[in-house]
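Each residue of the sequence shown is one higher than the one before, starting from 1 at the first, in the numbering used here.
Simulated from the structure, these hints should not be mistaken for lab results. The C-beta atom is built at its ideal place from N, Cα and C for all residues, glycine as well. Do not take every clue at face value.
Derived Cβ-Cβ restraints for the label pairs, each shown as a range [unchecked claim]:
#1 ALA60 / ALA272: 20 to 30 Å
#2 GLN203 / THR389: 25 to 35 Å
#3 SER399 / THR139: 49 to 59 Å
#4 THR132 / VAL40: 24 to 34 Å
#5 PRO328 / VAL158: 48 to 58 Å
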Amino acid sequence: MPSIFSALSRKNRQSRRPVRTRTVEALEDRLVLAPISWAVDADGAWGNAANWDLGRVPQAGDDVVIDRPGGPFVITHASGDDSVASMQCDETFNLSGGSLDIAAVSTIRNLSLNATLSGAGQVTVSGTFDWTRGTISGTGAFTIPAGATMNISDRNPVSVKKLDGRLLNIAQGATLNMAANIHAINGVVINNSGTVDLQAGGQNNINVSSPPTNDLAVFNNLATGRVIVEAQSGWNVVFNNGGVVEVRSSFGIGHGQSGQGGTSTGTFLVSAGADLNLARAHALKPGSVVSGAGNVTHIGTNSTVVEGIYNIGGTTHLTHGGVFFHSPVDSVGAFLQIDGGFMDFGGNPLNIARVNLSGNLVSGPLTVSDTFNWTNGTISGTGAITIPTGATMNISGPSAKTLDGHSLMTGGTVNAQSVFSLRNGAAINNGGLFNLQSDVQLADLCGGFPTVFNNTGQVIKSGGTGGSSIQIPFHNSGTVEVRSGTLDLAAGYVQTAGSLTLNGGDVSVRGALDIVAGTLAGAGTISGDVLNAGRVSPGTAGAPTGILTVTRSYTQPARGYSTSKSAGELPGASTIDWRSAA
(Lines of atoms letter the chains of each structure in order from A; the text may use other names.)
(Lines give C-alpha, C1' and ligand atoms only; values in the text may rest on other atoms or scores of the structure.)
Protein backbone atom coordinates (compact mmCIF):
# COMPACT_ATOMS: atom_id res chain seq x y z
CA MET A 1 0.00 0.00 0.00
CA PRO A 2 2.67 2.54 0.76
CA SER A 3 4.15 2.05 -2.68
CA ILE A 4 0.77 2.66 -4.29
CA PHE A 5 0.25 5.85 -2.31
CA SER A 6 3.77 6.99 -3.14
CA ALA A 7 3.14 6.53 -6.82
CA LEU A 8 -0.14 8.37 -6.64
CA SER A 9 1.48 11.13 -4.70
CA ARG A 10 4.25 11.61 -7.29
CA LYS A 11 1.67 11.64 -10.04
CA ASN A 12 -0.35 14.32 -8.28
CA ARG A 13 2.74 16.44 -7.72
CA GLN A 14 3.63 16.17 -11.39
CA SER A 15 0.15 17.16 -12.44
CA ARG A 16 0.46 20.36 -10.46
CA ARG A 17 3.56 21.58 -12.42
CA PRO A 18 2.87 24.50 -14.84
CA VAL A 19 2.91 23.74 -18.52
CA ARG A 20 5.47 25.86 -20.38
CA THR A 21 4.84 27.07 -23.94
CA ARG A 22 7.70 26.48 -26.35
CA THR A 23 8.17 28.47 -29.58
CA VAL A 24 10.44 27.80 -32.51
CA GLU A 25 12.13 30.88 -34.12
CA ALA A 26 12.78 30.74 -37.85
CA LEU A 27 16.46 31.50 -38.58
CA GLU A 28 17.36 34.02 -41.32
CA ASP A 29 20.38 33.73 -43.56
CA ARG A 30 23.26 35.79 -42.10
CA LEU A 31 26.81 36.38 -43.27
CA VAL A 32 29.56 36.43 -40.69
CA LEU A 33 31.50 39.68 -41.38
CA ALA A 34 35.20 39.14 -41.93
CA PRO A 35 38.04 40.78 -43.81
CA ILE A 36 37.49 40.69 -47.54
CA SER A 37 40.59 40.76 -49.71
CA TRP A 38 41.50 41.47 -53.31
CA ALA A 39 42.22 38.03 -54.72
CA VAL A 40 43.90 38.55 -58.10
CA ASP A 41 47.32 39.77 -59.13
CA ALA A 42 45.95 42.19 -61.70
CA ASP A 43 44.19 45.46 -62.20
CA GLY A 44 40.47 45.17 -61.99
CA ALA A 45 36.99 46.40 -61.20
CA TRP A 46 35.74 46.78 -57.64
CA GLY A 47 32.30 45.64 -58.77
CA ASN A 48 33.48 42.23 -60.09
CA ALA A 49 32.80 39.63 -57.39
CA ALA A 50 35.37 37.27 -58.92
CA ASN A 51 38.14 39.65 -57.90
CA TRP A 52 37.43 39.12 -54.17
CA ASP A 53 38.35 36.16 -51.99
CA LEU A 54 34.82 35.81 -50.60
CA GLY A 55 33.33 35.68 -54.07
CA ARG A 56 31.31 38.82 -53.56
CA VAL A 57 31.67 42.59 -53.64
CA PRO A 58 32.51 44.32 -50.32
CA GLN A 59 29.52 45.60 -48.40
CA ALA A 60 28.67 47.63 -45.31
CA GLY A 61 30.59 46.39 -42.28
CA ASP A 62 33.38 44.75 -44.27
CA ASP A 63 37.03 45.42 -43.58
CA VAL A 64 38.58 45.63 -47.04
CA VAL A 65 42.19 44.57 -47.61
CA ILE A 66 43.86 45.25 -50.96
CA ASP A 67 47.49 44.11 -50.88
CA ARG A 68 48.91 41.81 -53.54
CA PRO A 69 52.58 40.80 -53.72
CA GLY A 70 52.59 41.07 -57.50
CA GLY A 71 51.54 44.75 -57.52
CA PRO A 72 51.30 47.59 -57.94
CA PHE A 73 47.78 47.28 -59.27
CA VAL A 74 44.89 49.70 -59.87
CA ILE A 75 41.50 48.84 -58.43
CA THR A 76 38.72 50.92 -60.00
CA HIS A 77 35.36 51.76 -58.46
CA ALA A 78 33.40 53.00 -61.47
CA SER A 79 29.76 52.96 -60.35
CA GLY A 80 27.34 52.26 -57.54
CA ASP A 81 26.95 53.59 -54.01
CA ASP A 82 28.88 51.35 -51.61
CA SER A 83 29.82 51.32 -47.94
CA VAL A 84 32.53 49.51 -46.01
CA ALA A 85 33.75 49.48 -42.43
CA SER A 86 37.39 50.15 -43.28
CA MET A 87 39.96 49.87 -46.04
CA GLN A 88 43.62 48.95 -45.95
CA CYS A 89 44.84 49.44 -49.51
CA ASP A 90 48.50 49.02 -50.43
CA GLU A 91 47.75 49.49 -54.13
CA THR A 92 46.18 52.35 -56.12
CA PHE A 93 42.48 52.92 -55.58
CA ASN A 94 40.70 54.75 -58.41
CA LEU A 95 37.31 56.08 -57.33
CA SER A 96 36.13 57.19 -60.78
CA GLY A 97 32.36 56.92 -60.34
CA GLY A 98 29.58 56.33 -57.85
CA SER A 99 30.41 56.75 -54.17
CA LEU A 100 32.17 54.97 -51.34
CA ASP A 101 31.47 55.50 -47.63
CA ILE A 102 34.20 54.46 -45.16
CA ALA A 103 33.14 54.17 -41.52
CA ALA A 104 36.39 53.51 -39.64
CA VAL A 105 40.11 54.26 -39.68
CA SER A 106 41.60 53.46 -43.08
CA THR A 107 44.83 53.79 -45.05
CA ILE A 108 45.18 54.02 -48.83
CA ARG A 109 48.57 54.08 -50.50
CA ASN A 110 47.53 55.90 -53.69
CA LEU A 111 44.13 57.46 -54.34
CA SER A 112 42.66 58.86 -57.55
CA LEU A 113 39.36 60.66 -56.90
CA ASN A 114 36.78 61.63 -59.51
CA ALA A 115 33.60 60.76 -57.57
CA THR A 116 32.39 60.91 -53.93
CA LEU A 117 34.30 59.65 -50.92
CA SER A 118 32.43 59.99 -47.61
CA GLY A 119 32.18 58.62 -44.11
CA ALA A 120 33.09 59.00 -40.47
CA GLY A 121 36.33 57.10 -40.78
CA GLN A 122 39.72 58.75 -40.61
CA VAL A 123 41.46 58.26 -43.94
CA THR A 124 45.20 58.52 -44.53
CA VAL A 125 46.66 58.57 -48.05
CA SER A 126 50.28 57.54 -47.59
CA GLY A 127 51.51 57.92 -51.16
CA THR A 128 49.91 60.07 -53.87
CA PHE A 129 46.40 61.52 -53.87
CA ASP A 130 45.20 62.88 -57.23
CA TRP A 131 41.92 64.81 -56.99
CA THR A 132 40.47 65.93 -60.31
CA ARG A 133 36.75 65.98 -59.59
CA GLY A 134 34.15 64.94 -57.03
CA THR A 135 33.41 65.34 -53.34
CA ILE A 136 35.15 64.52 -50.07
CA SER A 137 32.56 64.56 -47.29
CA GLY A 138 31.93 63.19 -43.83
CA THR A 139 33.19 63.74 -40.32
CA GLY A 140 36.45 61.83 -40.22
CA ALA A 141 39.81 63.52 -40.65
CA PHE A 142 41.55 63.20 -43.99
CA THR A 143 45.35 63.12 -43.60
CA ILE A 144 48.27 63.49 -45.98
CA PRO A 145 51.24 62.27 -43.90
CA ALA A 146 54.96 63.02 -44.17
CA GLY A 147 56.37 62.00 -47.54
CA ALA A 148 52.96 61.92 -49.23
CA THR A 149 51.62 64.26 -51.93
CA MET A 150 48.15 65.54 -52.71
CA ASN A 151 47.53 66.97 -56.19
CA ILE A 152 44.42 69.06 -56.92
CA SER A 153 44.14 69.55 -60.68
CA ASP A 154 41.88 70.08 -63.71
CA ARG A 155 40.75 73.70 -64.03
CA ASN A 156 37.82 72.80 -66.28
CA PRO A 157 34.72 74.51 -64.77
CA VAL A 158 32.75 71.26 -64.97
CA SER A 159 35.37 69.48 -62.86
CA VAL A 160 33.93 70.65 -59.56
CA LYS A 161 35.78 69.61 -56.41
CA LYS A 162 33.93 69.90 -53.08
CA LEU A 163 35.37 69.54 -49.62
CA ASP A 164 32.26 69.04 -47.48
CA GLY A 165 32.56 69.34 -43.71
CA ARG A 166 35.83 67.46 -43.61
CA LEU A 167 39.01 68.07 -41.66
CA LEU A 168 42.01 67.96 -44.00
CA ASN A 169 45.45 67.59 -42.39
CA ILE A 170 48.64 68.23 -44.36
CA ALA A 171 51.35 66.86 -42.08
CA GLN A 172 54.89 68.16 -41.73
CA GLY A 173 56.88 66.77 -44.64
CA ALA A 174 53.77 66.39 -46.84
CA THR A 175 52.93 68.43 -49.95
CA LEU A 176 49.69 69.75 -51.40
CA ASN A 177 50.03 70.89 -55.02
CA MET A 178 47.00 72.99 -55.87
CA ALA A 179 46.34 73.72 -59.54
CA ALA A 180 42.55 74.16 -59.55
CA ASN A 181 39.68 75.59 -57.52
CA ILE A 182 37.89 73.78 -54.71
CA HIS A 183 34.59 74.53 -53.02
CA ALA A 184 34.54 74.30 -49.21
CA ILE A 185 31.19 73.86 -47.47
CA ASN A 186 29.76 72.94 -44.07
CA GLY A 187 32.57 74.06 -41.80
CA VAL A 188 35.68 72.77 -43.52
CA VAL A 189 38.97 73.05 -41.62
CA ILE A 190 42.37 72.62 -43.29
CA ASN A 191 45.45 72.26 -41.08
CA ASN A 192 48.78 72.65 -42.85
CA SER A 193 52.07 71.68 -41.25
CA GLY A 194 53.70 70.83 -44.57
CA THR A 195 53.92 72.64 -47.91
CA VAL A 196 51.01 73.98 -49.95
CA ASP A 197 52.03 75.07 -53.45
CA LEU A 198 49.50 77.15 -55.41
CA GLN A 199 50.90 76.39 -58.82
CA ALA A 200 51.18 78.64 -61.84
CA GLY A 201 48.91 78.28 -64.83
CA GLY A 202 45.61 79.63 -63.53
CA GLN A 203 43.65 80.58 -60.44
CA ASN A 204 43.66 78.33 -57.40
CA ASN A 205 40.71 79.51 -55.32
CA ILE A 206 38.94 78.18 -52.25
CA ASN A 207 35.32 79.27 -52.46
CA VAL A 208 32.57 78.96 -49.88
CA SER A 209 28.82 79.14 -50.14
CA SER A 210 26.93 82.41 -50.36
CA PRO A 211 24.10 83.55 -48.09
CA PRO A 212 21.89 82.32 -46.52
CA THR A 213 24.12 79.44 -45.31
CA ASN A 214 27.31 81.53 -44.97
CA ASP A 215 29.53 78.50 -44.45
CA LEU A 216 32.70 79.25 -42.55
CA ALA A 217 35.89 77.62 -43.81
CA VAL A 218 39.16 77.86 -41.87
CA PHE A 219 42.73 77.37 -43.07
CA ASN A 220 45.35 77.03 -40.33
CA ASN A 221 48.94 77.39 -41.52
CA LEU A 222 50.71 75.95 -38.50
CA ALA A 223 54.23 76.60 -37.20
CA THR A 224 56.01 74.37 -39.73
CA GLY A 225 53.55 75.17 -42.52
CA ARG A 226 54.58 76.83 -45.74
CA VAL A 227 52.28 78.23 -48.41
CA ILE A 228 53.78 79.18 -51.78
CA VAL A 229 51.60 81.34 -54.03
CA GLU A 230 52.73 81.09 -57.65
CA ALA A 231 49.39 81.89 -59.33
CA GLN A 232 46.64 84.42 -58.71
CA SER A 233 44.45 82.93 -56.00
CA GLY A 234 41.60 83.99 -53.73
CA TRP A 235 40.75 82.05 -50.59
CA ASN A 236 37.40 82.98 -49.11
CA VAL A 237 38.36 81.50 -45.76
CA VAL A 238 39.46 82.54 -42.31
CA PHE A 239 43.24 82.32 -42.73
CA ASN A 240 45.30 81.81 -39.57
CA ASN A 241 49.03 81.95 -40.19
CA GLY A 242 51.60 80.65 -37.75
CA GLY A 243 54.09 79.61 -40.41
CA VAL A 244 55.36 81.18 -43.63
CA VAL A 245 53.40 82.38 -46.66
CA GLU A 246 55.46 83.24 -49.75
CA VAL A 247 53.40 85.45 -52.07
CA ARG A 248 54.89 85.45 -55.56
CA SER A 249 51.71 86.34 -57.45
CA SER A 250 48.37 87.70 -56.16
CA PHE A 251 46.88 86.16 -53.02
CA GLY A 252 43.60 87.23 -51.41
CA ILE A 253 42.49 85.82 -48.06
CA GLY A 254 39.56 86.49 -45.74
CA HIS A 255 35.99 85.27 -45.24
CA GLY A 256 33.55 87.69 -46.80
CA GLN A 257 30.29 86.73 -45.12
CA SER A 258 31.64 86.32 -41.59
CA GLY A 259 33.74 89.47 -41.67
CA GLN A 260 36.69 87.45 -40.36
CA GLY A 261 40.11 87.61 -41.95
CA GLY A 262 42.25 85.63 -39.58
CA THR A 263 45.04 85.83 -37.04
CA SER A 264 48.77 85.74 -37.76
CA THR A 265 51.82 85.15 -35.61
CA GLY A 266 53.76 83.99 -38.65
CA THR A 267 55.32 85.56 -41.72
CA PHE A 268 54.00 86.88 -45.03
CA LEU A 269 56.79 87.38 -47.57
CA VAL A 270 55.55 89.42 -50.55
CA SER A 271 57.84 89.37 -53.59
CA ALA A 272 58.38 92.32 -55.94
CA GLY A 273 55.36 92.71 -58.22
CA ALA A 274 53.22 90.41 -56.06
CA ASP A 275 50.06 91.37 -54.14
CA LEU A 276 48.82 90.27 -50.73
CA ASN A 277 45.14 91.18 -50.29
CA LEU A 278 43.92 90.98 -46.70
CA ALA A 279 40.13 90.99 -46.74
CA ARG A 280 38.05 91.70 -43.65
CA ALA A 281 39.53 91.91 -40.14
CA HIS A 282 43.02 90.51 -39.63
CA ALA A 283 44.92 90.42 -36.36
CA LEU A 284 48.65 90.60 -37.09
CA LYS A 285 49.86 89.71 -33.62
CA PRO A 286 53.23 90.35 -31.93
CA GLY A 287 55.78 88.13 -33.65
CA SER A 288 54.06 88.41 -37.02
CA VAL A 289 55.93 89.73 -40.05
CA VAL A 290 54.63 91.33 -43.24
CA SER A 291 57.59 92.15 -45.45
CA GLY A 292 58.98 92.16 -48.96
CA ALA A 293 59.25 94.33 -52.05
CA GLY A 294 55.64 93.72 -53.12
CA ASN A 295 52.24 95.23 -52.34
CA VAL A 296 49.67 94.82 -49.56
CA THR A 297 45.99 95.76 -49.90
CA HIS A 298 43.65 95.94 -46.91
CA ILE A 299 40.04 95.30 -47.94
CA GLY A 300 36.93 95.24 -45.80
CA THR A 301 34.47 96.99 -43.55
CA ASN A 302 36.22 95.66 -40.44
CA SER A 303 39.46 96.69 -38.79
CA THR A 304 42.90 95.12 -39.07
CA VAL A 305 45.32 95.56 -36.17
CA VAL A 306 49.08 95.36 -36.80
CA GLU A 307 51.21 94.54 -33.74
CA GLY A 308 54.15 92.89 -35.49
CA ILE A 309 56.75 93.90 -38.07
CA TYR A 310 55.46 95.73 -41.16
CA ASN A 311 58.10 96.38 -43.81
CA ILE A 312 56.71 96.64 -47.35
CA GLY A 313 58.67 98.01 -50.30
CA GLY A 314 55.90 98.39 -52.89
CA THR A 315 52.42 99.76 -52.11
CA THR A 316 50.20 99.75 -49.04
CA HIS A 317 46.58 100.18 -50.15
CA LEU A 318 43.41 100.61 -48.07
CA THR A 319 40.09 100.37 -49.92
CA HIS A 320 37.79 100.80 -46.89
CA GLY A 321 37.55 99.66 -43.31
CA GLY A 322 40.36 100.44 -40.89
CA VAL A 323 43.99 99.56 -40.26
CA PHE A 324 45.58 100.35 -36.90
CA PHE A 325 49.35 100.08 -36.39
CA HIS A 326 50.21 99.43 -32.73
CA SER A 327 53.89 98.74 -33.34
CA PRO A 328 56.73 100.58 -35.11
CA VAL A 329 56.40 100.66 -38.89
CA ASP A 330 59.57 100.07 -40.87
CA SER A 331 58.01 100.91 -44.23
CA VAL A 332 54.62 101.04 -45.92
CA GLY A 333 56.35 101.12 -49.30
CA ALA A 334 56.99 103.75 -51.91
CA PHE A 335 53.25 104.35 -52.41
CA LEU A 336 50.49 104.71 -49.80
CA GLN A 337 46.96 104.71 -51.26
CA ILE A 338 43.92 105.25 -49.03
CA ASP A 339 40.69 105.11 -51.05
CA GLY A 340 38.41 105.19 -48.02
CA GLY A 341 38.25 104.15 -44.42
CA PHE A 342 40.77 104.93 -41.71
CA MET A 343 44.51 104.21 -41.46
CA ASP A 344 46.10 104.98 -38.11
CA PHE A 345 49.89 104.85 -37.77
CA GLY A 346 49.82 106.30 -34.26
CA GLY A 347 52.98 108.29 -33.66
CA ASN A 348 55.05 106.33 -36.17
CA PRO A 349 57.22 108.56 -38.40
CA LEU A 350 56.84 107.76 -42.10
CA ASN A 351 58.84 108.59 -45.20
CA ILE A 352 56.93 107.78 -48.39
CA ALA A 353 57.54 108.71 -52.02
CA ARG A 354 53.88 108.95 -53.09
CA VAL A 355 50.55 109.24 -51.26
CA ASN A 356 46.99 109.20 -52.63
CA LEU A 357 44.60 110.13 -49.83
CA SER A 358 40.83 109.83 -50.16
CA GLY A 359 40.15 108.65 -46.62
CA ASN A 360 41.39 109.35 -43.11
CA LEU A 361 45.03 109.26 -42.07
CA VAL A 362 46.49 109.45 -38.56
CA SER A 363 50.25 109.63 -38.35
CA GLY A 364 53.27 111.02 -36.63
CA PRO A 365 55.77 112.99 -38.73
CA LEU A 366 55.17 112.23 -42.42
CA THR A 367 57.47 113.14 -45.30
CA VAL A 368 56.24 112.71 -48.88
CA SER A 369 59.23 112.94 -51.18
CA ASP A 370 57.49 112.85 -54.57
CA THR A 371 53.71 113.41 -54.93
CA PHE A 372 50.89 113.74 -52.41
CA ASN A 373 47.37 113.75 -53.94
CA TRP A 374 44.70 114.69 -51.39
CA THR A 375 41.08 114.44 -52.55
CA ASN A 376 39.11 113.58 -49.40
CA GLY A 377 39.38 112.91 -45.69
CA THR A 378 41.21 114.08 -42.60
CA ILE A 379 44.91 114.18 -41.79
CA SER A 380 45.43 114.14 -38.03
CA GLY A 381 48.06 113.25 -35.49
CA THR A 382 51.25 114.86 -34.27
CA GLY A 383 54.34 116.24 -35.96
CA ALA A 384 54.67 117.73 -39.41
CA ILE A 385 53.50 116.73 -42.86
CA THR A 386 56.54 117.64 -44.94
CA ILE A 387 56.56 118.30 -48.69
CA PRO A 388 60.27 118.82 -49.33
CA THR A 389 62.00 120.60 -52.20
CA GLY A 390 61.19 118.88 -55.48
CA ALA A 391 57.99 117.27 -54.17
CA THR A 392 54.38 118.23 -55.00
CA MET A 393 51.12 118.18 -53.08
CA ASN A 394 47.85 118.41 -55.05
CA ILE A 395 44.70 119.31 -53.10
CA SER A 396 41.63 118.72 -55.27
CA GLY A 397 38.11 117.33 -55.47
CA PRO A 398 34.77 118.50 -54.05
CA SER A 399 34.88 116.36 -50.88
CA ALA A 400 35.76 117.72 -47.45
CA LYS A 401 39.42 117.76 -46.46
CA THR A 402 40.71 118.68 -42.99
CA LEU A 403 44.18 119.17 -41.56
CA ASP A 404 43.66 118.38 -37.87
CA GLY A 405 46.46 119.22 -35.44
CA HIS A 406 49.29 118.67 -37.92
CA SER A 407 51.53 121.32 -39.40
CA LEU A 408 52.04 121.29 -43.15
CA MET A 409 55.69 122.07 -43.97
CA THR A 410 56.22 122.84 -47.63
CA GLY A 411 59.54 123.27 -49.35
CA GLY A 412 58.22 122.00 -52.65
CA THR A 413 54.96 122.86 -54.43
CA VAL A 414 51.37 122.79 -53.18
CA ASN A 415 48.67 123.08 -55.86
CA ALA A 416 45.40 123.95 -54.10
CA GLN A 417 42.40 123.44 -56.37
CA SER A 418 39.57 122.98 -53.84
CA VAL A 419 38.40 123.78 -50.33
CA PHE A 420 40.18 122.40 -47.30
CA SER A 421 40.06 123.19 -43.58
CA LEU A 422 42.33 123.46 -40.56
CA ARG A 423 41.55 122.78 -36.91
CA ASN A 424 43.09 122.07 -33.49
CA GLY A 425 46.20 124.18 -33.91
CA ALA A 426 47.01 123.03 -37.44
CA ALA A 427 49.43 125.27 -39.30
CA ILE A 428 50.68 125.80 -42.83
CA ASN A 429 54.37 126.68 -42.90
CA ASN A 430 55.17 127.37 -46.53
CA GLY A 431 58.76 127.67 -47.64
CA GLY A 432 58.13 126.62 -51.22
CA LEU A 433 55.37 127.46 -53.71
CA PHE A 434 51.74 127.48 -52.51
CA ASN A 435 49.67 127.88 -55.66
CA LEU A 436 45.94 128.72 -55.39
CA GLN A 437 44.87 127.43 -58.79
CA SER A 438 41.15 128.18 -58.43
CA ASP A 439 38.75 130.01 -56.12
CA VAL A 440 39.63 127.83 -53.15
CA GLN A 441 38.90 128.36 -49.48
CA LEU A 442 41.11 127.64 -46.47
CA ALA A 443 38.63 127.40 -43.61
CA ASP A 444 39.21 127.51 -39.86
CA LEU A 445 37.20 124.87 -37.99
CA CYS A 446 38.59 126.06 -34.64
CA GLY A 447 38.81 123.14 -32.22
CA GLY A 448 40.29 125.00 -29.27
CA PHE A 449 43.75 125.84 -30.61
CA PRO A 450 44.58 128.65 -33.07
CA THR A 451 45.51 127.91 -36.65
CA VAL A 452 47.89 129.95 -38.80
CA PHE A 453 49.41 130.30 -42.28
CA ASN A 454 53.12 131.22 -42.16
CA ASN A 455 54.71 132.03 -45.52
CA THR A 456 58.45 132.32 -46.02
CA GLY A 457 58.25 131.11 -49.60
CA GLN A 458 55.89 132.06 -52.41
CA VAL A 459 52.08 132.17 -52.41
CA ILE A 460 50.36 132.77 -55.76
CA LYS A 461 46.69 133.03 -56.62
CA SER A 462 47.02 131.95 -60.21
CA GLY A 463 43.51 130.81 -61.13
CA GLY A 464 39.85 131.57 -60.66
CA THR A 465 38.13 134.86 -61.38
CA GLY A 466 36.30 134.89 -58.05
CA GLY A 467 37.68 134.87 -54.54
CA SER A 468 40.11 132.62 -52.69
CA SER A 469 39.45 133.02 -48.99
CA ILE A 470 42.13 132.32 -46.39
CA GLN A 471 40.18 132.27 -43.14
CA ILE A 472 43.17 131.78 -40.84
CA PRO A 473 45.70 134.41 -39.75
CA PHE A 474 48.27 134.97 -42.51
CA HIS A 475 51.88 135.88 -41.64
CA ASN A 476 54.14 136.72 -44.57
CA SER A 477 57.88 137.15 -44.81
CA GLY A 478 58.14 135.75 -48.33
CA THR A 479 56.27 136.76 -51.48
CA VAL A 480 52.53 136.84 -52.15
CA GLU A 481 51.29 137.51 -55.68
CA VAL A 482 47.67 137.86 -56.82
CA ARG A 483 47.40 137.17 -60.55
CA SER A 484 43.69 136.42 -60.83
CA GLY A 485 40.45 137.13 -58.99
CA THR A 486 40.56 138.25 -55.37
CA LEU A 487 42.67 137.00 -52.48
CA ASP A 488 40.49 137.35 -49.38
CA LEU A 489 42.58 137.54 -46.21
CA ALA A 490 39.60 137.01 -43.93
CA ALA A 491 41.56 136.60 -40.68
CA GLY A 492 44.04 139.41 -41.22
CA TYR A 493 47.48 139.83 -42.78
CA VAL A 494 50.81 140.71 -41.18
CA GLN A 495 53.93 141.15 -43.30
CA THR A 496 57.33 141.36 -41.61
CA ALA A 497 59.44 141.03 -44.76
CA GLY A 498 59.06 140.17 -48.42
CA SER A 499 56.25 141.49 -50.60
CA LEU A 500 52.57 141.48 -51.50
CA THR A 501 52.00 142.19 -55.18
CA LEU A 502 48.72 142.75 -57.03
CA ASN A 503 49.47 141.56 -60.54
CA GLY A 504 46.12 141.13 -62.29
CA GLY A 505 44.06 140.46 -59.17
CA ASP A 506 42.80 142.21 -56.05
CA VAL A 507 43.02 141.83 -52.28
CA SER A 508 40.37 142.06 -49.59
CA VAL A 509 41.23 142.04 -45.91
CA ARG A 510 39.30 141.93 -42.68
CA GLY A 511 40.91 144.47 -40.39
CA ALA A 512 44.11 146.03 -41.64
CA LEU A 513 46.66 144.93 -44.20
CA ASP A 514 49.59 145.32 -41.79
CA ILE A 515 52.84 145.97 -43.68
CA VAL A 516 55.41 145.93 -40.87
CA ALA A 517 58.23 145.67 -43.39
CA GLY A 518 58.77 144.73 -47.01
CA THR A 519 56.80 145.93 -50.01
CA LEU A 520 53.19 146.37 -51.07
CA ALA A 521 53.25 146.63 -54.84
CA GLY A 522 51.33 146.24 -58.07
CA ALA A 523 48.11 147.54 -59.55
CA GLY A 524 44.65 146.66 -58.33
CA THR A 525 42.22 147.19 -55.50
CA ILE A 526 42.74 146.61 -51.79
CA SER A 527 39.34 146.32 -50.11
CA GLY A 528 40.18 147.21 -46.54
CA ASP A 529 42.56 149.26 -44.43
CA VAL A 530 46.31 149.51 -45.03
CA LEU A 531 48.82 150.10 -42.25
CA ASN A 532 52.15 150.69 -43.98
CA ALA A 533 55.43 150.72 -42.11
CA GLY A 534 57.26 149.32 -45.10
CA ARG A 535 57.18 150.46 -48.69
CA VAL A 536 54.20 150.90 -50.99
CA SER A 537 55.16 150.88 -54.65
CA PRO A 538 52.36 150.86 -57.24
CA GLY A 539 53.06 149.17 -60.55
CA THR A 540 55.15 146.14 -61.40
CA ALA A 541 58.28 145.53 -63.37
CA GLY A 542 56.23 144.23 -66.28
CA ALA A 543 53.53 146.91 -65.98
CA PRO A 544 55.09 150.12 -64.64
CA THR A 545 51.88 152.05 -65.21
CA GLY A 546 49.24 151.15 -62.66
CA ILE A 547 46.87 152.32 -59.98
CA LEU A 548 46.90 150.82 -56.51
CA THR A 549 43.51 151.58 -54.98
CA VAL A 550 42.81 151.40 -51.24
CA THR A 551 39.07 151.47 -50.55
CA ARG A 552 39.32 152.33 -46.85
CA SER A 553 41.98 153.95 -44.67
CA TYR A 554 45.68 154.19 -45.39
CA THR A 555 47.96 154.80 -42.40
CA GLN A 556 51.68 155.32 -42.75
CA PRO A 557 53.85 155.67 -39.61
CA ALA A 558 57.01 157.74 -39.74
CA ARG A 559 59.17 154.74 -40.65
CA GLY A 560 57.00 153.83 -43.63
CA TYR A 561 57.15 155.37 -47.04
CA SER A 562 55.50 155.22 -50.39
CA THR A 563 56.57 156.20 -53.83
CA SER A 564 54.24 158.68 -55.49
CA LYS A 565 54.01 160.55 -58.74
CA SER A 566 54.58 163.91 -57.05
CA ALA A 567 57.75 162.58 -55.43
CA GLY A 568 58.99 161.47 -58.81
CA GLU A 569 59.54 157.88 -57.67
CA LEU A 570 56.49 156.15 -59.13
CA PRO A 571 57.23 154.00 -62.13
CA GLY A 572 55.67 155.46 -65.26
CA ALA A 573 52.36 157.13 -64.52
CA SER A 574 51.50 154.96 -61.50
CA THR A 575 49.50 156.38 -58.59
CA ILE A 576 48.13 155.46 -55.21
CA ASP A 577 44.43 156.16 -55.02
CA TRP A 578 43.11 156.49 -51.46
CA ARG A 579 39.37 156.47 -51.97
CA SER A 580 38.73 156.83 -48.25
CA ALA A 581 42.03 158.09 -46.97
CA ALA A 582 42.89 158.68 -43.33
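Evaluate the given range 20 to 30 Å for the C-beta pair formed by ALA60 and ALA272.
-> Once the Cβ atoms are compared, 56 Å apart, the range 20 to 30 Å for ALA272 and ALA60 is violated.
Are PRO328 and VAL158 spaced within 48 to 58 Å by their CB atoms?
-> Holds, at about 51 Å.
That 49 to 59 Å hint for SER399 and THR139 (C-beta), does it hold up?
-> Roughly 53 Å apart at Cβ, these two residues keep to the hinted range, so it holds.
Can you let me know if the beta-carbon spacing of THR132 and VAL40 is within 24 to 34 Å?
-> holds, 27 Å
Is it true that GLN203 and THR389 lie within 25 to 35 Å of each other by Cβ?
-> violated, 46 Å
In this structure, the earlier hints numbered 1 and 2 are contradicted, and the remaining ones agree with it.
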